[in-house]
Amino acid sequence: MNKFFTKNRDLTQKLGFSLLTLMTLMTILPIIATVIYIIVQGAPAISWTFISDFPREGMREGGIIPAIIGTFYLTLGTAIFSVPLGIAAAIYLSEYAPENKATRLIRLAIINLAGIPSVVYGLFGLGLFVLFLNFGTSILAASLTLSIMTLPVIISTTEEALRAVPQSFRTVSISLGGTRWQTIRKTVLPQALPGIITGVILGLERAAGETAPILFTGAAFFLPRLPHSPFDATMALPYHLFVISTQVPEMPIKIQYGTALVLLVFVIGMNALATFVRGRARAKRQW
Amino acid sequence: MKNKIVIENLTLQYSDGTESLNGINLDIPANATTVLFGPAGGGKSSILRCLNRLNDLADVEKVTGKILLDGENILDLKTDVIALRRKVGMVFARPVVLPFSIRGNLTYGLELAGEKRKSRYAEAVERSLKLAALWDEVHDRLDDPAIALSGGQQQRLCLARSIALEPEVLLLDEPTSGLDPISTSKVEDALIELKKQYTVILVPHSVQQAARTSDYAAFFLEGKLIEYAPGTEIFTNPKKQRTEDYVMGRFG
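If you're matching them up, the sequences are chains A and B in order. Reading the first sequence from the start, the letters are residues 343 to 629 in the numbering used here. Reading the second sequence from the start, the letters are residues 20 to 271 in the numbering used here.
Think of the hints as simulated: they come from the structure by calculation, not from any bench. No experiment lies behind these values; they were computed from the predicted model shown. By construction, the Cβ of each residue, glycine as well, lies at the ideal position given by its N, Cα and C atoms.
Derived pair list, reagent style DMTMM-like, types lysine to aspartate or glutamate, alpha-carbon separation capped at 25 angstroms:
| # | chain 1 | residue 1 | chain 2 | residue 2 |
| --- | --- | --- | --- | --- |
| 1 | B | 81 | A | 441 |
| 2 | A | 443 | B | 80 |
| 3 | A | 626 | B | 130 |
| 4 | A | 528 | B | 130 |
| 5 | A | 528 | B | 142 |
| 6 | A | 528 | B | 75 |
| 7 | A | 528 | B | 99 |
| 8 | A | 626 | B | 159 |
| 9 | A | 443 | B | 75 |
Covered stretches of chain B (in silico footprint by chain A; criterion: 3 or more residues with CB under 8 angstroms from a CB of chain A, positions within the stretch not fixed):
| # | segment |
| --- | --- |
| 10 | 94–105 |
| 11 | 127–137 |
Could you build all of it, start to finish, from the sequences and the hints given here?
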């Protein structure tokens, strides 16, 4: 082999690697920078009062507890509706649905549903839940709206997790006298569970951080008390952040970033939980 | 000799046109090993999968004829396939252990059947492992994950898993194709014990294995039954030219 060519190839390789490393850095740097900026700007606002007290002085002082609790309620409400429905739909699609035109159409609809802008969901929720079903601007209406938005994520990740379970497990279970449902319940679901949980958490995390869908359906500008029932409106972290960043004059900047930091911790916390669940399951997996 | 299974004029076609069966007539005696052998694509596995109706899961275009198990036609629409599969156990070519412990694999079928008595579980575990010649190797670690066993042990566990249900018929589809010679001989030895209690139907992975294990042997070629005779006859003095050619290794 000619020495010149060898050298040249080494150089090309090094250049290529450097370029790829640079690209990677370019994608993660803005994320890291954002997080650091929010921490630096928001950390001074964080105190026990901030996460346990009501807003005071036109939200310019005090804490954000109603928004934190509101976001918790909305996430919980979304989970109650979207998790059972999403998992059931995924089980049907993966284990029972025949491969035909109707099934393909359903899958296509689910994929498209995931691509709809969140503000459109908000408008739909306003029309259906708030006005037509007369739930009013409420936790219920907002949770249902968020559920519809979350469903496609939960369905597709769950379906993927179910399909990842080897077909041979199903065949063996059936050959041992199992019904289809027994096979799913005793073998397929337990094996797919970590993947399903990961998908559910990621879907709910997205719901927790959304503003547009709850804007018209359940979010309140300011409430002097915590919501008492699912039919009450609620404050919520993302909407509160929007409000104090754009609607309130002379807002101390550290409260804005403090709120952003709390939301970020909430969402990253859920993400970390998903990663942890997946990692532990992968270590224990027997196939 | 009592016939456990009588196959009458069985014809089968898959919708993608692969491997089919063409007018098969076959009487399978109880308490003996019947071997179905021949080149790939001849229809051996298809017959096995008809016998426990596992073909229900496949893309079968049509099935005609009868399969009588103790006189009952199992291809009948009214057949309780779940009960049938408990009666007709199956071991696959590749050992597929379920992602549970060794014990969990063995009790899985009983759990599906709704067996509540825990004493039956322990009994079934010991009995089936002994019959599958695996007891001595695993009796002190029944709660270890089954996947940790060697390939040969996994296949014997699969055998034991079928036995645990106390079936009447055992279907074995090239059960030793992935195993080393020592593991293979252990499985074959287990089969000798098993046929005393069960009707064993084996698709062997070689002619040599067919000759070693068979009481009766059926030679299949392209979906047709060419010759069916006691093993001692078919491997030493085949009647049909094509059987002889295959047994002598002239094609296949």
